[in-house]
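Heads up: the sequence shown begins at 1 in my numbering, then just goes up one per residue.
Derived from the structure by calculation, the hints contain no laboratory data.
Heads up, a few of these hints could be off.
The following label-pair restraints were derived from C-beta to C-beta distances [stated by the list, open to error]:
1. Gly91 with Lys22: 28 to 36 Å
2. Gly12 with Asp33: 15 to 23 Å
3. Tyr53 with Asp33: 29 to 37 Å
4. Asn34 with Gly91: 28 to 36 Å
5. Val90 with Met1: 27 to 35 Å
6. Leu41 with Ala2: 29 to 37 Å
7. His25 with Met1: 32 to 40 Å
8. Asn34 with Asp62: 15 to 23 Å
9. Lys47 with Glu93: 27 to 35 Å
We treat Cβ as the ideally placed atom computed from N, Cα and C, and that holds for glycine.
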Amino acid sequence: MAIYYVAHKFSGKLENYQRAKKITHDLQVNDLDNTYICPLLTFSHLKYGEIGYDAEMELCIDILSSCEKLIVASEISKGVAREIDFANLVGMEVEYLEETKHD
């Protein structure tokens, strides 16, 4: 079993949260051999900007460092770019979902 990180832009927009939730849900129910974690869902108890962007990104990178693969599930925002950079730095596989090409 592997843990996969699902990256999705947020920008404080409810529609981005809902889309990330649906994508993560669909990935999980279609692959019970692995675990899918999306930081938007993981940190949904925090208000947007409550702890500051840099602190939030540190938490995200902390989770990402425990994962085997990064799945990019949206267009690339500043935060998603940082996650991709980290994954590339440590040699982690990065997968782009097909629907990201249509954003």
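Here's how the hints hold up against the structure:
1. Gly91 with Lys22: 28 to 36 Å: holds (30 Å)
2. Gly12 with Asp33: 15 to 23 Å: violated (34 Å)
3. Tyr53 with Asp33: 29 to 37 Å: For Asp33 against Tyr53, whose Cβ atoms are near 34 Å apart, the range 29 to 37 Å holds.
4. Asn34 with Gly91: 28 to 36 Å: The hint (28 to 36 Å, Cβ to Cβ) is violated, given that Asn34 and Gly91 are roughly 19 Å apart.
5. Val90 with Met1: 27 to 35 Å: Violated, at about 20 Å.
6. Leu41 with Ala2: 29 to 37 Å: With Cβ atoms ~18 Å apart, the hint is violated.
7. His25 with Met1: 32 to 40 Å: With a Cβ separation near 18 Å, His25 and Met1 fall outside 32 to 40 Å, so the hint is violated.
8. Asn34 with Asp62: 15 to 23 Å: Distance hint for Asn34, Asp62 holds at roughly 20 Å.
9. Lys47 with Glu93: 27 to 35 Å: holds (32 Å)
Checked against the numbered hints above, the structure breaks hints 2, 4, 5, 6 and 7 and satisfies the rest.
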